[in-house]
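K.L.:
Next come the chains, spelled out residue by residue.
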Amino acid sequence: MSGFERDTGLRPVATSRGPEGVDGTAGRREAPGTHPAGSRSFLYERFLREQRRRLVRIRLARWFLVAALLAIWEAAARVHWVDPMLTSMPSHIASSFWKLASEGRLGVHAWVTLKETGIGFAISMGAGLLAAVALWWSSFLSKVLEPYLVVLNALPKVALGPIFYLWLGDRLSIYGMAVAISIVVTVMMLESGFREAGRGKLKLMEALGATKWQMLRLAVLPASVPHIVAAMKVNIGLTLVGVIMGEFLSSKAGLGFLILYGGQVFQMDLVMTGVALLALLSIALYGLAAFAGRVVQRKYHVE
Amino acid sequence: MAQIELRRVSHRYFTWKEETETLRDVDVSVEAGEFVAVVGPSGCGKSTFLSLIAGLIRPTAGEVLLFGEPLRGPSRRVGYMLQHDHLFEWRDVLQNVLLGAEVRRLDLRRARRRALDLLERYGLSNFVRHTPGQLSGGMRQRVALIRTLVLEPDVLLLDEPFSALDYQTRLFLGDEVSRILREQGKTVVLVTHDLSEAISMADRILVMSRRPGTVTADRRIVFSAGRPVPTEARRQPEFQEYFNRIWEELREHVRV
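Chains as they are written, first to last, in my numbering: chain X, 1 to 303; chain L, 1 to 256.
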């Protein structure tokens with residue numbers, strides 16, 4: 001056992017929290033050779049202080065920006081620099097928001113859109129995964145379908161709206177639209193992820209005598225978790241786009257319906273309320289996907 | 001009977017642009033328990049040579065025999081250790097070490113006992129539940145070796161297993177691996193571009209020529225002091241002599 005001790009030093013355990021980098025948690029990161037917590041050097045303390053101050057400044061500037069824009073908007077509409085009929089104004093949007101919310105209509109519309117997006121996302125991710133696995137499994141199939149995928153990707157899927165409407169009817173066409181818009185990119189992202197995921201690992205699996213199914217289950221899928229997470233983040237956004245498009249084309253409820261209806265009856269307050277809620281919803285959905293992604297990635301120890 | 005035998009093996013591969021002959025008329029036989037190192041200039045087909053024995057590729061001409069039988073696909077009696085450890089980040093050390101047993105559907109309880117035993121013996125018992133990201137490069141490569149040993153192969157193929165490590169770790173791990181493999185009485189074929197490493201570890205050295213690779217020299221390495229550990233071997237008086245002699249044979253194939 002000559003000198004195992006020499007080699008048993010642990011590498012720093014990765015504790016970075018995503019691509020944001022320095023996000024106020026910098027102090028928690030420990031690397032070998034640094035001062036242990038409690039005996040930080042003066043320079044390091046100063047560095048941390050400056051980083052924190054910078055972070056606070058960025059946050060403040062963000063809030064200030066949105067507050068300033070809202071204030072200018074409100075003021076411009078009130079003194080009629082702009083026509084409030086066309087632009088609405090934040091105070092009207094807020095009151096319209098509360099009115100709709102207290103009547104429960106806002107909740108209904110948001111829920112319809114949320115439900116459609118959830119279902120669309122599930123279908124599109126599930127089918128996308130299956131398709132990507134099939135393309136990984138057969139490189140012949142993948143080569144054959146390559147140009148078709150390129151065309152499908154380039155095609156503005158919105159153009160398929162009338163087709164979905166006729167084929168699927170007024171309710172299901174929303175899902176058709178949502179899946180059509182999100183699935184192609186998902187398949188392409190997943191497929192390239194699968195191909196990248198550990199060529200060396202596959203050589204190892206081959207040398208161990210693994211079957212194709214074992215390679216997929218034991219190596220490719222777990223190694224692709226970061227790519228699956230990335231695909232999820234892109235997918236959720238595109239699915240929402242598809243759902244709103246679908247609701248524009250035909251629907252009786254949902255935020256897309258609300259926005260379109262508001263436009264038709266020239267109620268900019270309604271339109272803006274719908275858009276604002278949609279913005280909140282999209283952030284929430286993306287956050288949810290990102291959170292789920294982080295949980296999964298932590299479980300699989302992959303960055 | 002030779003454990004590994006290559007009879008007039010040639011190998012070529014094809015791309016749209018060209019046809020490449022990697023090996024030509026390679027005749028090699030390796031006896032049980034031998035530690036053979038293959039050296040040669042980069043791109044001489046050393047790795048192809050190993051892939052042939054591992055059953056990952058087939059010769060274009062000639063025959064590869066393992067334990068006297070023609071080889072068809074990866075054999076269960078052969079362990080292959082690659083240049084990179086390729087540990088699976090989402091598995092802890094024990095699960096990584098059991099990967100091969102899982103793939104080959106071996107008795108997992110027995111494999112587990114053996115894995116824990118090997119991890120213990122080779123200084124990794126405190127790291128059984130660690131993930132690869134928490135290990136140093138040298139430890140990772142040791143885990144990769146144990147992953148191979150759990151399968152109880154008779155023959156071990158090492159494809160530049162130390163080249164991704166820094167020099168000190170490399171020397172240290174060379175001693176370790178050589179001790180482990182001799183202790184386990186394995187037949188070993190080591191491919192390396194590091195002549196010193198080859199002389200310090202192996203009983204026998206095959207020199208390969210530039211592509212199309214063929215074996216141009218076959219030298220036995222014997223130290224008067226018996227079989228020292230590699231870092232010791234580097235200090236033996238014969239070491240320099242072997243180095244010079246084999247370097248002479250090697251240098252005509254090396255083109256800078």
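Since the hints were derived computationally from the structure, they do not count as laboratory data.
Small disclaimer: the values here were computed from a predicted structure and weren't measured.
Where hints are given, some of them may not hold.
Restricting the straight-line Cα-Cα distance to at most 25 angstroms, the calculated cross-link-like pairs of lysine to aspartate or glutamate (DMTMM-like) are [claimed, not checked]:
#, chain 1, residue 1, chain 2, residue 2
1, X, Lys-203, L, Glu-160
2, L, Lys-17, L, Glu-69
3, X, Lys-203, L, Glu-152
4, X, Lys-212, L, Glu-152
5, X, Lys-99, X, Asp-83
6, X, Lys-212, L, Glu-89
7, X, Lys-212, L, Asp-107
8, X, Lys-203, L, Asp-203
9, X, Lys-299, L, Glu-102
10, L, Lys-17, L, Glu-31
These stretches of chain L come out as covered by chain X in the derived footprint (C-beta under 8 angstroms, 3 or more residues) [as the list claims (entries may be wrong)]:
#, stretch
11, 30-41
12, 95-102
13, 111-117
Virtual Cβ for every residue (Gly too), placed ideally from N, Cα, C.
K.L.:
Now tell me, hint by hint, if it's right for this structure.
P.N.:
Hints and how they fare:
Between Lys-203 of chain X and Glu-160 of chain L, the direct Cα distance comes to roughly 15 angstroms. Compliance with the 25 angstroms bound is thereby established for this hinted pair. For the proposed pair Lys-17 of chain L and Glu-69 of chain L, the alpha carbon gap of about 36 angstroms is over 25 angstroms, so the pair is violated. The hinted pair formed by Lys-203 of chain X and Glu-152 of chain L meets the criterion: a straight-line CA distance of about 20 angstroms does not exceed 25 angstroms. Under the criterion of a C-alpha separation no larger than 25 angstroms, the hint pairing Lys-212 of chain X with Glu-152 of chain L is consistent with the structure, at around 23 angstroms.
Straight-line distance between C-alpha atoms of Lys-99 of chain X and Asp-83 of chain X comes to about 23 angstroms, which keeps the hinted pair within the 25 angstroms bound. With a C-alpha separation of about 20 angstroms, the suggested pairing of Lys-212 of chain X with Glu-89 of chain L holds against the 25 angstroms cut-off. The hinted pair formed by Lys-212 of chain X and Asp-107 of chain L meets the criterion: a straight-line CA distance of about 21 angstroms does not exceed 25 angstroms. A C-alpha spacing of about 28 angstroms is found between Lys-203 of chain X and Asp-203 of chain L, which places the hinted pair above 25 angstroms, so the restraint is violated.
About 20 angstroms separates the Cα atoms of Lys-299 of chain X and Glu-102 of chain L, which keeps this hinted pair within 25 angstroms; it holds. For the suggested pair Lys-17 of chain L and Glu-31 of chain L, the alpha carbons sit about 39 angstroms apart, so the restraint of at most 25 angstroms is broken. Interface restraint, the stretch 30-41 of chain L with chain X: violated (0 residues with C-beta to C-beta distance below 8 angstroms; minimum three). With 3 residues carrying a beta carbon less than 8 angstroms from a beta carbon of chain X, the stretch 95-102 of chain L meets the three-residue requirement, and the given coverage holds.
Closer than 8 angstroms: that is the beta-carbon criterion, and the stretch 111-117 of chain L has 0 residues meeting it against chain X, so the requirement of 3 is violated.
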